[in-house]
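These protein sequences, in sequence, are chains A, B and C.
Just so we're aligned, residue 1 is where the first sequence starts under the UniProt record's numbering, counting upward by one.
Just so we're aligned, residue 1 is where the second sequence starts under the UniProt record's numbering, counting upward by one.
Just so we're aligned, residue 1 is where the third sequence starts under the UniProt record's numbering, counting upward by one.
One or more of the hints may lead you astray.
Unchecked claim - In silico contact screen, one side only, chain C against chain A (beta carbon under 8 Å); selected entries:
no.	residue
1	Y136
2	T140
3	D144
4	D284
5	R349
6	V673
7	M714
8	P794
9	T873
10	G877
11	M878
As the list claims (entries may be wrong) - Far from chain C, by Cβ distances over 12 Å, these chain B residues were calculated:
no.	residue
12	F9
13	P10
14	T40
15	R77
16	R100
17	E122
18	P125
19	E155
20	Q159
21	Q161
22	E162
23	E166
24	N167
25	N168
26	N169
The hints are simulated quantities; they were obtained by calculation from the structure and are not laboratory data.
Built from N, CA and C at the ideal position, the CB exists for glycine as well.
For reference, the chains in residue letters:
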Amino acid sequence: MKPAVFDYVRAANKREALQQLTEHGEQARIIAGGQSLMAVLNMRLAQPKVLIDINQASDLHYLKVENNCLKVGAAVRQVELLDRTSLVDEVPLLAQAMPWIGHFQTRNRGTVCGSVAHADPSAEIPLCLVTLGGTVVLESLKGKRREVPAAEFFQGVLTTEKRPDEMVVEVQFPLREADVIYRFHEVAMRHGDFALVALAACIRQGEVDLGVGGVADRPTLRRLPLGAELKDSLNTLAWSLGAQDDVHASAPYRRQLVRELGQQLIEDNDHARAS
Amino acid sequence: MHVRADQRFPIQIELNGRQREGLAEPRMQLCDFLRHELGTTGVHVGCEHGVCGACTVLVDGVASRSCLMLAVQAHERRIDTVESLSRDNIMNDLQQAFSRHHALQCGFCTAGILMSCVEFLERVPSPDETQVRDMLSGHLCRCTGYTGMVRAVLEVAQQRQETLVENNNDV
Amino acid sequence: MYMQKSIAEATVGHIGSRQARVEDAALLQGQGRYADDMATPPGTLQAAVVRSPHAHARIRSVDASRALTMKGVHGVLTGDDVKRWSNPFPVGVRAPMEHWPLAVDKVRYVGEPVCVVIADDRYLAEDALDAVQVEYEPLTPIIDPEAATLNDAPILHEGVGSNVVNERNFRYGDPERAFAEAPHRITLKVQYPRNSCTPIECYVVLAQYLPASETYDVMANFQGPYALHSVMCRALNVPANRLRLRTPPDSGGSFGIKQGVFPYVVLMGLASRKVGAPVKWVEDRLEHLQASSSATNRVCEIEAAVEANGRVTALRYDQIDDCGAYLRAPEPATFYRMHGNLSGAYTIRNLAVRNRVVLTNKMPTGLNRGFGGGQVYFALERLMQHVAAELGLDPLEVIQRNLVPAGVFPYRAAAGALLDSGDYPAAVELARRKGNLDELLQRRDQARAEGRLYGIGYAAVVEPSISNMGYITVAMTPEERQKAGPKNGAVSTATVSVDPLGSVTAHVSSTPQGQGHQTVVAQIISELLGVKLESISVNVELDTGKDAWSIASGNYSSRFSGAVAGSVYNATLKIRERMATIAADMWQVSSTDVRFADGKIFVENGPSQPFHRVAGTTHWSPGLLPEGETGGLRETAFWTPPQLEAPNDQDCINSSLCYGFILDFCGVEIDRVTGQVRIDKYVTTHDAGRILNPMLVEGQILGAYSQALGVALMEEFAYGEDGSFLSGTLADYLIPTAPEVVDPVILHMETPSPFTPLGAKGVGEGNNMSTPVCIANAVADALGRSDIKLPLTPSRVRSMIGIDEPAAPEGLVMDAPKVAGGSALQANDLVEIPAPPQQVFDAILDPETLKAIIPGCHALELESENHYRADVTVGVGMIRARFAARVALTDLDPPHSLRLSGSGNSPMGSATGSAKINLVALENGNTRLEYAYEAAVTGKVAAVGGRMLQSASRVIIGQIFTRLAQRLSGKPIDTSLWQRLRALLGMGGTK
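If we strip away everything but chain A, and leave its shape as in the complex, we get:
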């Protein structure tokens, strides 16, 4: 279980990384935390010709509040978000979701943008980004900087809007809105596992933005009415996600959790809050 051969380029900054991407396009991969990519390389499921390491690119290492957003540069590790004491005020949904992500040791190295770029349909960070209406910032050397709404960025399993010469340089999480209640919950086989179903909710007056992870082939957001219609609209949502069986859970199970956990989460049942 050893990787195939590749060149290794340590990019000193964003520009160097983008230059390499322009030169090698689809043959190149960005490595940041490597917590997904290295496993894939070790299994030879991917065999890029060039690996571009952005861990030393200091201009990609920033975490700042600007224009009503929390902006996270590509070299920022998950642990840095977890350790950010102000996160709970800035992006409370993300603060609730962070402990569900992987493990102490993988959060130490895994990056926020890396999780977004990988586009695992069960991952928590993409789900939060979509639910909050966040933005993925793509850059290439030649083209202009593109700011893609998260909901459009995720195109399917491991598939995104990113072109081969582009990299995810930043993701932007909208800051907490007044009068919105944020809630996150997920069910996984074990602590830190991929979610069987993950739910993220922004509850507003009379309506809720409900994000669902782990069910469809990408994180999916729906705006649902609160009150009497909620149950029916959760059912419609559950059926529309194209839930699938896998070795760990059945499609009906996933649909049912969308309905029942969704309702609990939104209606503030003790169960969902206990998490």
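With chain A's structure known, arrange chains B and C on it following the hints.
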């Protein structure tokens, strides 16, 4: 820095407090480099996809999977492995507590777990059991059921806090 | 027999004390010496194994020529080499099937070795794997063990003519009469899943063929039983003294699984022979999960004859063991390890048993901690719970009513087990009292009153230890056994020596994997010889070329504390007697007055000498020794218990020497919504005879218990119906981590075994047997259901609670549901194409268009009309594989419909797929292209990517028709347009 695929690059690292150098192609995993090039065989390899945690080492003081890092990425960085923990063949408090609480059997997963514990206790000096179990969830142990590890880590945390208080009182 | 003080009285460092382990210092400081840490001879090469992506296929050809030209490659071992230099492995039953270390004619499971590439390093060896061209002719696989028994099932081994390779029927007592007379017959059908205790260290083999002496010198982290050494020698076609097999000082866990390294010992020996150099192979985790070893999955229909009060008078077992693709030694031992004690802890005198061994297209099975016990007790203890539920009795009362009573030991069970000692009712009482059962019952009442799902489960188990090496011959008929000669016993060995400077060294051939054997051996010697524990050196490496060993050597069947520690005791006694005789002669006293303590040999209130002085005399001054004393000081003890007799003509077998007792109970709460099972409390009560080191015993119980939690709640080797292996990574095969393990309450009692030198029994496997069924019984109690299937995943439990799905909203057409647990992928979708049907139809038949619309198609070459060879790179995201594919267009009905099929092989696995295409003319002159596809993927990509396959296949197949639409419209299609269209029609999509 650009290393060609077939190039054996001279990697310099500070390994367990000593400056070391070895050669590695870009694709060589850090765990292989540490074991087979530099001889720190206390680093164990259990899955090579980042789940079991046996290969966990400290990279610049941070617990990381050495199977999910390349040797070239460790160039000019500081790496600490289980071999760094004892001084003059005297085990540190954590190692001793592991023995006392029978927190290891075959010992294969233990090296990585110790390294996680080292960083964890620096960051969370007074953890509760839930936090300890959460930290340990990044490791697989098949022998012990984790009970001894949880006890050992909690005990060391408490001892260190007591020592801290005593030292403060002395001052 | 050794008379021991109670635990509280045990002197520090002596038998029975909570002695810290002598192993720990090295292991905690990174100084362990595991197989992959051991020095290799200069010039050692590294191996990687080409493995089958198919569950069942004929090998048409193997072409390694391209691999041989690659950088660093020294050779490729193929089936032809293996046939030339070796024999098939001997099999434990009389059926004509051949198992070679490499597949020679057919592959019979995903991951089966097909070739070995030997190169300068592992990286280069893996580079060359993809260059070995193997052409397969896929055959229909058979996965379900019951279906495999049917006449029309695909056959794995044509020579046998059936997948049932062994069937035996047994009858003990008078079961027919008992069933006829019983007021109740209560039946349950259960399935025990495939799982593995999965050590964190995988297999390692370092093999060197020495042509001059025609010897294979191999180091491997093998764990025994060393009866398999004979199997390896037969396969290598050498006498036993030409296979020198060594084990390293440390092993990273085994739990039975490392027994399964033995075919690779042979394989790498042959690989070394092929390249004329030492060859090392370090198994990786993907290899380990798919192709090392597994517990045997079992289907068991069990029936009890029951009296009104819950007394069971007879049992009928009808069992199928699924041993995978080959009956690999020591299988079918999963059945027979437990055979003598099939009646468990109960006085059930009448048994009817049918055992069938079936082969299916899965990895071969073998030893796994709790070997055979998990399977037997899952049936028996589920049945006891079911009996109680059916008759409205308390389950513990049903257990108690049937227990072997106190005072009847040794007790001969119906099928031949001689239960050596115990007081089962007292153990139950201990558990009830000290485990606070009453309080737990109240907790259940309260939870239920609050509408929560809460259940209590029990399990009573006898835990066998020290296997009778003859039990496996119960798979043969008495006549067959007679011909083969009786097999029995369990020879254990230990060697103790004292060197010229007076330090003590012991050697045991128990190949430990973390159980602390060195510590216990040192405790025994320290107590008997009065020397400091720290001064004793215990060597646990086993070298068949130098050390005392026998077929029973190794680490399995919990044989250490009873058998091996007993041999250490015997060998040490011999040393002590000799030294006492020497001292007595020197001092002219009776040797019975000579004492050993504190590093001295002395007579109470009399003469005294340091231990090393007396020892030194035997080396330095043999002339001073009494007559008959040979000099030197080294004693080897061999020990085999007379109670382990060969099976008799009635098929009675005392399958083990010792039988501990376990009574477990637990309370679980189930989340009604998520189906998650939370263990509220777990109590496990053990009687394992004398306890040699309470700390190590506790460690064994905790370890077994947490493995069993995995079996109960999450672990399973899953296979698709097409035979693809679906649990290929540790993110798919789930092992409990620290937050999932709820510490149990452990209780002990000690009833010494009369049959072992120290009165100890095994304790390491009991919870692997008792805990899965105990939790299952609690879940059965909570849900009021009898159809409990492991693992009790949230999804499975929730579906037992019931998923009452509201209907899909009007107009939302759903994908066809995928076959549960399989890798068969199906879906349907549509696109609108701006061209009339005839044009669309013609376009698909046009090779240029076809090449353009197949994603990642590098080349398309016509083979025959509408049949092509293609070179295609497909994938999602960063994951890509290059396939050598065949594409066909069939069922042509222009311009209405046709079928597009493809199949291909890649280093990541093989894939087949077929799409039925319908073209519907629309009023606007366009065509609505509707397609429904089925696809199957096997090999690595199915094993590691199962979670995403369905979505990935949809993306890839969808691309074909998007590209077609684009090509015919001559411009990029506004995908959002048809996503809206699809949403409108409720098809497939997710937006």
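Right, here's what the structure says about each hint:
1. Y136: 20 Å, violated
2. T140: 22 Å, violated
3. D144: 16 Å, violated
4. D284: 4 Å, holds
5. R349: Status violated, d = 43 Å.
6. V673: Result: holds, 5 Å to nearest chain A Cβ.
7. M714: Since the shortest Cβ distance to chain A is 6 Å, the answer is holds.
8. P794: 6 Å, holds
9. T873: 10 Å, violated
10. G877: Nearest chain A Cβ about 3 Å off; hint holds.
11. M878: Holds, because the Cβ-Cβ distance from M878(C) to chain A comes to roughly 4 Å (cut-off 8 Å).
12. F9: 15 Å, holds
13. P10: The claim holds: P10(B) sits with its nearest Cβ about 18 Å from chain C, beyond 12 Å.
14. T40: 7 Å, violated
15. R77: 19 Å, holds
16. R100: The assertion about R100(B) is violated, with a minimum of 6 Å to chain C.
17. E122: 19 Å, holds
18. P125: 19 Å, holds
19. E155: Given a closest Cβ separation of 14 Å, the condition holds.
20. Q159: 17 Å, holds
21. Q161: 22 Å, holds
22. E162: E162(B) is indeed farther than 12 Å from all Cβ atoms of chain C, at 22 Å.
23. E166: Given a closest Cβ separation of 26 Å, the condition holds.
24. N167: 26 Å, holds
25. N168: The claim holds: N168(B) sits with its nearest Cβ about 30 Å from chain C, beyond 12 Å.
26. N169: The claim stands: N169(B) keeps its Cβ more than 12 Å from every Cβ of chain C (closest is about 31 Å).
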